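Protein chains in written order, with the working numbering: chain Z, 1 to 322; chain G, 1 to 322.
Derived from the structure by calculation, the hints contain no laboratory data. Bear in mind that the values here come from a model prediction, so they are computed numbers and not experimental data. One or more hints might be untrue.
Pairs involving identical chains hold if they fit within one copy or between any two copies, as the list cannot separate such chains.
Straight-line C-alpha distance at most 20 Å; calculated SDA-like pairs for lysine to any residue [claimed, not checked]: (1) Lys-60 with Val-130; (2) Lys-275 with Met-202; (3) Lys-236 with Asp-170; (4) Lys-89 with Gly-164; (5) Lys-60 with Ile-92; (6) Lys-237 with Cys-50; (7) Lys-236 with Thr-187; (8) Lys-41 with Trp-88; (9) Lys-60 with Leu-93; (10) Lys-60 with Val-262.
There are 2 protein chains.
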Amino acid sequence: MEKYLITGFSGFVSKHFLDFLGSREEKCSVLGIDVHPPTFKFNSSSHLNCEFIDLNLLDKDAVQNVLYQFQPNYLLHLASYSSVSFSWKNPILSFQNNTNIFLNILEALRLNNLQVRVLSVGSSEEYGNVEPKDIPLREEHSLRPVSPYAVARVAQEMLSRIYGEGYGLDIVLTRSFNHIGTGQNETFVIPSFAKQLVEGWMRGEKEIKLTTGDLTVVRDFLDVRDVVKAYYALLKKGRKGEVYNVCSGRGLSLAEIVKMMVEKLQVRCMTVTDKRLVRPKDNMVITGSNQKIKNETGWFPIVELETAMQDILIDWKERLKV
Amino acid sequence: MEKYLITGFSGFVSKHFLDFLGSREEKCSVLGIDVHPPTFKFNSSSHLNCEFIDLNLLDKDAVQNVLYQFQPNYLLHLASYSSVSFSWKNPILSFQNNTNIFLNILEALRLNNLQVRVLSVGSSEEYGNVEPKDIPLREEHSLRPVSPYAVARVAQEMLSRIYGEGYGLDIVLTRSFNHIGTGQNETFVIPSFAKQLVEGWMRGEKEIKLTTGDLTVVRDFLDVRDVVKAYYALLKKGRKGEVYNVCSGRGLSLAEIVKMMVEKLQVRCMTVTDKRLVRPKDNMVITGSNQKIKNETGWFPIVELETAMQDILIDWKERLKV
Chain Z
1 MEKYLITGFS GFVSKHFLDF LGSREEKCSV LGIDVHPPTF KFNSSSHLNC EFIDLNLLDK
61 DAVQNVLYQF QPNYLLHLAS YSSVSFSWKN PILSFQNNTN IFLNILEALR LNNLQVRVLS
121 VGSSEEYGNV EPKDIPLREE HSLRPVSPYA VARVAQEMLS RIYGEGYGLD IVLTRSFNHI
181 GTGQNETFVI PSFAKQLVEG WMRGEKEIKL TTGDLTVVRD FLDVRDVVKA YYALLKKGRK
241 GEVYNVCSGR GLSLAEIVKM MVEKLQVRCM TVTDKRLVRP KDNMVITGSN QKIKNETGWF
301 PIVELETAMQ DILIDWKERL KV
Chain G
1 MEKYLITGFS GFVSKHFLDF LGSREEKCSV LGIDVHPPTF KFNSSSHLNC EFIDLNLLDK
61 DAVQNVLYQF QPNYLLHLAS YSSVSFSWKN PILSFQNNTN IFLNILEALR LNNLQVRVLS
121 VGSSEEYGNV EPKDIPLREE HSLRPVSPYA VARVAQEMLS RIYGEGYGLD IVLTRSFNHI
181 GTGQNETFVI PSFAKQLVEG WMRGEKEIKL TTGDLTVVRD FLDVRDVVKA YYALLKKGRK
241 GEVYNVCSGR GLSLAEIVKM MVEKLQVRCM TVTDKRLVRP KDNMVITGSN QKIKNETGWF
301 PIVELETAMQ DILIDWKERL KV
């Protein structure tokens, strides 16, 4: 029976990864670790055994113990302080909870001599400021991180390479672009919009006030259900030491997303720009090429954007129900 | 009166930097910090006031306090676990004592809003494996770190850029190549050779056995007295946010260095290769271009290699005297 260790277990990506594993017929065992217990329910079923341990990845001895005892086949490293804006406010915490935690995991695998396939989840933020001619971004593009968060992710990636080439660890890497999906924390842009609009819709407002940052920025959004399938595909078929963009390959402006949501809810809205939400020196357009992961694993995105938006709005209606 | 804060105060580079400051006529005040007190003597004189504080840079609160209280004009960041081989044995300690300590310093400067010119000392190891056509290495060359130590240094450099561009800190960066000079720890290659040869010479051996790694590797050695002048020049004249190679621009094989030492001591020696000292996948030739620092600061290397070797041998004769 295959064993998965998932870090950042209480996050929304983990929830969807579990749903995906549960939808399959293979028997497997999951150990989730996080500093907070998950708010979602996870039920063990006949073919999916799932447990959770409260553990801080900064505690390297605890990390070593849990890895040694569980002896996973696969390690899906989702744990991250993934907010760029938080990283500007607290670079030390951001760095520790991205780079140092990952180094603790790698070192635990090395010292215990564990044969584990690791998926090191990174970020499109690693590319940094890019020129329009570089779009869509390909994996061979240079990395020029422009935030503390991005630096931490590049350091994580460099450490993965060192542990792969120097110690023989079996690590596959991603640079993951924006995710969308149900259960995502409202500090991210799409759930923030969805929540505001659904709240207005529930109050029956004629014109809903929507507070936003810069709506002209274009990003590459991938439904989290496609994200977790990509991660599964990479754990199974990714090439050791290689990095893969995980993205839709398609750009969408935040204005288009707002328009889509407004149409689905059949409401009118007035957007108000909050300057604090506009990032200085942000890239206008970020999209990635997903040719490499498609070619090498056979994965491709399935969920339509319309479906993704619909599901997010339905989810917020559920979450905001009294 | 100008105030210098020196991290890694107890190391041999710091000793030579103090000697340099002492040789000048400007009055200045130095606060040295390190986890161990220095083994060298530092005397305050009429124009150089020097103090030492025992402090671990991993203790971020202590770092903040000391920076706030001392309010330096210049910060010379020499502290580092700078051994590549140590970093392979203990990547976590290497990373913490390069990257995390530096991040603590930057964060202390930011949070206290201190106007300090920082010299972030980095390493030629950041370049990683290079092709013969890339020699001598120039600053614009890509960084492909191939050891945990090198990754830590690249992360330090990336953080410097973030703190410069994002928070306005005044940081000048180096990639420093191999140093030679008196007082260097014998875990480094040149002092290790010098010590072995002087020991044999003192015992009057006809043929001294010298244990070495690969003697064919070519490196760019710069006398530490030129190194500290380069650091001073960069603190005074380096451009904010720029990185500078600190090197001689001249390659020398370890075999040539052994030959030079043997001639100076007028001894014969037999070299024995210790395979543990041969680094796997090491670069055969590493030399740097020092055009940038020369052009921009007027600095240039002065100390002849012959003089450097002579001084190192004399120093070992002194150190090994009963």
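Worksheet entry | Violating hint indices (sorted, rising) | 1, 2, 6, 7, 8 and 10
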